[in-house]
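K.L.:
Got chain C sorted already, so can you dock chain H onto it with the hints?
These protein sequences, in sequence, are chains C and H. Numbered according to our numbering, the first sequence spans residues 986 to 1283. Numbered according to our numbering, the second sequence spans residues -8 to 350.
One thing to keep in mind: the hints can contain errors.
As the list claims (entries may be wrong) - Within a straight-line C-alpha distance of at most 25 Å, the following computed SDA-like cross-link-like pairs (lysine to any residue) qualify: (1) H/Lys64 / C/Thr1187; (2) H/Lys64 / C/Gly1184; (3) H/Lys199 / H/Gly226.
Stated by the list, open to error - Distance ranges between label pairs, derived from CB positions: (4) H/Asp200 / C/Met1196: 32 to 42 Å; (5) H/Pro28 / C/Ala1120: 39 to 49 Å; (6) C/Gln1125 / H/Pro28: 39 to 49 Å; (7) H/Asp200 / C/Ser996: 31 to 41 Å; (8) H/Glu62 / C/Val1126: 42 to 52 Å; (9) H/Ser82 / C/Asn1214: 40 to 50 Å; (10) C/Tyr1265 / H/Ser82: 32 to 42 Å.
For the record, the hints were derived by calculation from the structure and aren't laboratory data. From the three backbone atoms N, C-alpha and C, an ideal C-beta is built for every residue, glycine too.
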Amino acid sequence: MTTPLTANVPSGRRPRRVGIARIGIYAFLLTSAAFFLLPLWIMVTTSLKPRAEVWEGNILALPAEFTVEPWIKAWSEACTGLDCNGISVGFWNSVQILIPSLVLSILAGAVNGYALSFWRVRGANLLFGILLAGAFIPYQVFLYPLVRLFSQAGIYNSLACIVIVHVVFGMPIMTLLFRNFYASLPVELFNAARIDGGGFWTIFTHVLLPMSAPIIVVATILQVTGIWNDFIFGLTFAGRENLPMTVQLNNIVNSTQGERAYNVDMAATILTALVPLAVYFLSGRWFVRGIAAGAVKG
Amino acid sequence: MAEVSLRDISVAFHSLTVFDHLDLDIEEGEFLVLLGPSGCGKSTLLNAIAGLLEVETGQIWIGGRNVTWEEPKDRGIAMVFQSYALYPRMSVRNNLSFGLRMAGTAKDEIARRVAKAAAMLQIDHLLDRRPDQLSGGQRQRVAIGRALVRDADVFLFDEPLSNLDAQLRNELRVEIKRLHQQLGSTMIYVTHDQIEALTLADRIAVMKDLKIQQLASPQEIYHRPANRFVAGFVGSPRMNFVDGRLLPDGESGWRFTTDSHVLRLGGYAFDGQPQPGQEVTLGIRPEHLQPADAGDWDGFVVEMTEPMGADTLVWARSGPDLLAVRTGSDTAITAGSSLTLGLPQDRISLFDRKDGRRL
Chain C
986 MTTPLTANVP
996 SGRRPRRVGI
1006 ARIGIYAFLL
1016 TSAAFFLLPL
1026 WIMVTTSLKP
1036 RAEVWEGNIL
1046 ALPAEFTVEP
1056 WIKAWSEACT
1066 GLDCNGISVG
1076 FWNSVQILIP
1086 SLVLSILAGA
1096 VNGYALSFWR
1106 VRGANLLFGI
1116 LLAGAFIPYQ
1126 VFLYPLVRLF
1136 SQAGIYNSLA
1146 CIVIVHVVFG
1156 MPIMTLLFRN
1166 FYASLPVELF
1176 NAARIDGGGF
1186 WTIFTHVLLP
1196 MSAPIIVVAT
1206 ILQVTGIWND
1216 FIFGLTFAGR
1226 ENLPMTVQLN
1236 NIVNSTQGER
1246 AYNVDMAATI
1256 LTALVPLAVY
1266 FLSGRWFVRG
1276 IAAGAVKG
Chain H
-8 MAEVSLRDIS
2 VAFHSLTVFD
12 HLDLDIEEGE
22 FLVLLGPSGC
32 GKSTLLNAIA
42 GLLEVETGQI
52 WIGGRNVTWE
62 EPKDRGIAMV
72 FQSYALYPRM
82 SVRNNLSFGL
92 RMAGTAKDEI
102 ARRVAKAAAM
112 LQIDHLLDRR
122 PDQLSGGQRQ
132 RVAIGRALVR
142 DADVFLFDEP
152 LSNLDAQLRN
162 ELRVEIKRLH
172 QQLGSTMIYV
182 THDQIEALTL
192 ADRIAVMKDL
202 KIQQLASPQE
212 IYHRPANRFV
222 AGFVGSPRMN
232 FVDGRLLPDG
242 ESGWRFTTDS
252 HVLRLGGYAF
262 DGQPQPGQEV
272 TLGIRPEHLQ
282 PADAGDWDGF
292 VVEMTEPMGA
302 DTLVWARSGP
312 DLLAVRTGSD
322 TAITAGSSLT
332 LGLPQDRISL
342 FDRKDGRRL
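Bound-form chain C, shown alone:
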């Protein structure tokens, strides 16, 4: 058998044509991308311009005279009120808040999710419902009662205080995430471990936790971005010594005396956004999966 070679007889791979619809789609995508990238473009170019050039006012132009001085200034010299140590102070504060909050909230979520999906605690569904409902109450409602509570306990305005707040407020979403992940595992695995004599903690640490890597990655992404971007909790609970980077950034931008140093402000802003930005770029696929994991099963 020979295949006829005439062009209009369907044979082999179907030819692909570039239609008007496709051109339209690309045009739309390109304009959208340009629109959303514009602020970032302005921030980066401005932060690399000397002060004089910023005031010339051509905000879209590339820097004529390239300089990294605003970045250095932003990192180590910019003033927040009376202190002039730059935003680096806030960076290290944020790291100090982030690490314990991250570890503790993921651990709490994992244990909660494990108990809720495998041990069928009496009233587990009710507990879970209440926990989830907590996630939908506006944060502002909690602020003042919590301030009073922490004051009574004598830990208000401390690192411990802000960490506890992050762990508590991260609990609903972390629990949901881990519960759904564990619910998708075959219950037979858990049953086998019970027959093998595993207890509550041994099954968790020996069997389930080693399998949880994917969901831990997702939880880490959510918590890192969430805690790093937090402003209101940091401002309210961390105390003057531990103000996170977001709050410091606000102070820098708002406390400039005289002529505004837009280039320094821009550099400081990018520095603050760098951590979540890096997380998004390095883990885009995982991040989407995390959102889906929280949304699909309930």
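P.N.:
Only chain H this time, still in chain C's reference frame:
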């Protein structure tokens, strides 16, 4: 080794009663198969025996001990699951030894038992692999090995072969039977596959609608099914069923009649007292129908034949009745030919058409 005794057991699952006051005694060293269609609750019953599910009423005794309130690990049982349920992040060796490590067994004892189980199942060369590096058959061997290592008195199997292809299923079925002979342990095996049930069991409990329909040896189940459901569920190809009625025949005899056929029941052993005119179903297995030149029923026309290798299945129709007849693979019967069938009296079963019970 231990006997298992279920006394007055009721189990509820998701607030649905699965078993209501069930009694079942399994002897020491017996191989009991719980056979039934999906959703008949046989796995639920197994989970209750294992202690993974609480019973609502009744007691569970294993080896003369009331274990109703005991944890799964304290019941002297081992269990093999359909989905293998191997711990995915552990090597095969650690999978096998997990239970012993949890129990705090001495290291050299663990090594000895793991080596023994691995040798029995021919998985020695796989000990350092992880479960995701194994084939389905190998995984199930490891799962069985994990049960062996526990030195349990009672082994529970929850459809262990259902996820395997036909070839492997046959292979492992033989393996399980051999293990039972070697160990002599009590084994309770849940399946929906009647071949597994017939080949493995000392006794089969056929289950449906929250009840045990028949509890008997494989021969009894196959040849003298207690009701219409058991008759239809066990055996492949399926038993033939013909609807008709019973009429008195002579002084004390009976005959079975349909619109087109009559069968005199001189040699049939009735279980109950038949009533004149009673509506019944006659059942006969395909291999017991005898195609012959002169037989009990004539006027059948062959619709098609299914060669199955070792034998050939002939589908013969007369009016509304379509019967499967098992013949040798060298049969000369072809589609379109007419057929006369002999029905041996000691091979037929009669069921009441209302309640399905054997007559």
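K.L.:
Each of the hints needs a verdict: does it hold here or not?
P.N.:
Hint by hint, here is what the structure shows:
1. H/Lys64 / C/Thr1187: Holds. H/Lys64 to C/Thr1187 sits at ~14 Å (cutoff 25 Å).
2. H/Lys64 / C/Gly1184: Cα-Cα ~10 Å, so holds.
3. H/Lys199 / H/Gly226: It holds: about 16 Å lies between the C-alpha atoms, which stays within 25 Å.
4. H/Asp200 / C/Met1196: 32 to 42 Å: About 38 Å separates the Cβ atoms of H/Asp200 and C/Met1196, which means 32 to 42 Å holds.
5. H/Pro28 / C/Ala1120: 39 to 49 Å: holds, 43 Å
6. C/Gln1125 / H/Pro28: 39 to 49 Å: violated, 57 Å
7. H/Asp200 / C/Ser996: 31 to 41 Å: violated, 59 Å
8. H/Glu62 / C/Val1126: 42 to 52 Å: holds, 44 Å
9. H/Ser82 / C/Asn1214: 40 to 50 Å: Since the Cβ atoms of H/Ser82 and C/Asn1214 sit about 42 Å apart, the hinted range of 40 to 50 Å holds.
10. C/Tyr1265 / H/Ser82: 32 to 42 Å: This hint holds: roughly 36 Å between Cβ atoms.
Hint compliance for this structure: hints 6 and 7 are broken, all remaining hints hold.
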